[in-house]
Structures are given as structure tokens and as C-alpha cells.
Amino acid sequence: MQAVKPSQSNVASPMPQAQTRSRSERRRLVSTAALYLTALAGSLMLLFPLYWMISSSLKTAAEANAPRIVWWPAQPQFAAYSQIMNDPDWLQYLANSVFVTALGVGGTLISVAAVAYAVSRIEWPGRNIVFMLLLSTLMLPPQTTLVPQYVLFNRLGWINTFNPIVIPGFFAGGATFIFLLRQFMLTLPKELDEAAMIDGANHPTIWWRIILPLCKPALASITIFLFVAQWNAFQVPLIYLQRSTLYTLPIAINNLYNPQQVSQPWPLIMAASVLTTLPLLIGFVFAQRYVFESVALTGLKG
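Everything in the sequence shown is counted per my numbering, starting at 1073 for the first residue and increasing by one.
There may be inaccurate statements among the hints.
[As the list claims (entries may be wrong)] Okay, derived cross-link-like pairs now, SDA-like style, lysine to any residue, Cα gap no bigger than 25 angstroms in a straight line:
(1) K1288 / P1197
(2) K1262 / P1197
(3) K1262 / A1292
(4) K1288 / G1355
(5) K1262 / P1276
(6) K1288 / E1195
(7) K1288 / V1334
(8) K1262 / P1289
(9) K1262 / P1285
(10) K1288 / G1245
(11) K1262 / F1203
(12) K1262 / E1195
(13) K1262 / Y1362
(14) K1288 / F1242
I should point out that these hints are in silico values taken from the structure, not numbers from a laboratory.
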């Protein structure tokens, strides 16, 4: 009995499939490698200013002002850090920044959370119109309100006080944060409010004891953004704080630079910048879990 020989097509057919899989795997590896290299390059670009700030703070004045780039000091110096931390004026600047940031962030959080609750959980006539008007303020550049605000605060006698920096936050300062928190609140079941009302709770109680605890991820994200903005605020404190005893850290760092001098105290400036950046890094490390959770949970419902 004659054996049946396999056809030529049946023997050769697996080869093109294997080649196709091999090419697709190579393309996938190349795309993955390109993605990682791009991410690595972007990370290095973002980290380089931090590296330069730290290295410059450890240099001598001659190395920091040298015409050639000194990537790392030959002998790291910590004199600039010692000078900053032992100066009582800088302790005052730190206290001013902490005071302004704490009040500004706290006031803005409370007002933003209240407005977001009102435009997301309560039904009232004209709610959507008011919300759209709030969003329309995002198209208004903040520089256009500087002069009217200065005239108003000057008449109120608020120049050389912290009021122009802190008080506006208590009046729903930030349409962006209202929008983000509203979108997060819209993802929460409406049945929570209805069940609480059946038990006799009113809107302030529902807002404080039910909705806000469920909004911790969104509130943490907003807190980080507010903290960074308030801690690094430069323009508004520069306009309203004219006495040196009221300076915040960004204003004090800016005053270290003297444009009339060729040689600048770069180690001192960079050491102050490093110390000013540390609270931001520490705050983000502790709050990053809530930030990522907020990004994952916040939708565009409504």
C-alpha cells in the first residue's frame, strides 16, 4: 500500500505564519522600547532642573559663576544651607509662607467643596446656567483683574496685609477645582442623599458627613494643586506685600538676585530653592495615592 505524501502546501503553510508572528513581535518590541526611551528622556528632562539646583547649591561662588559649566562641585559645600537655616529672617519668611498657604488652601477647599455640592447634588432653578457662568470665568486671564482688585483692596486698607492673598480663596476661588469636584460628586449614587434625608439629615449634614468623606481622593488632588500654587505664589504677594517682614519664601528668594551685580550668590539662591521645594516633594509623596485614585475614579458624568 502506497503511503500518502503530505502536500507541498501543507508543509510550507506554517512558515509564513511564523514569520508574521516574528515580525509583529519585533514591531511590538521596537514600539515598547521607543516608548520606554521616550519616557526615560522625558523623565531626565524633568529631573535635570532639580539636579542642577542641588548641584549649584553645593558649589562655591567661583564654581557657580564660572564661565564653563561645572556639573558637580569638586568639594561640596553646605555653607549656603547653614546660612539660610541660621538666619532668623528666613524663619520669618517660612512662617509667612506656612500661614498664607494653610489659610489659602483651607479656605479654597471649603468654598470649592460647597459650590461643587450645590451644583451637583441640589436641584434648583438656574443651576446649569450658574455652572456655565462659573466655567466661563476660565476664559478670563487673571491678569485682567489685577488692577481692579488692587484698587478694591487698596480702598479696603488691605495693602501690606495677607488679606488679598488669603481672603479671595474663601469665595469659591477656582472654577477648575469646582468643575473637577463636581464631576467626582456626580459619580456618587443619588440614593445616598435620599437615604440620609429619610433619616432626617439636611444638606449641610449630607455634605459634611457623607459626600466629603467619599470625595477624599478628589479633595487630596485639589489640595496638592492648591498647595503648590499657594506655596509658589509670586505675583500676588509681590504686588501686595511691600514690607520685608511680610515676605513669603518666593519673594525672599527673588530678592537674593541683584541684576546690578555680575556675580550672583547662586549657591545661596539654589540652597533656598531646595529647602523651599522639600515641602512640596514630601506632600506629594504622602498624597500621591489619593491623586492617582482621583484620576482613576473621576469621570465626566453629567
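Structure versus earlier hints - violations, ascending order: 1, 7
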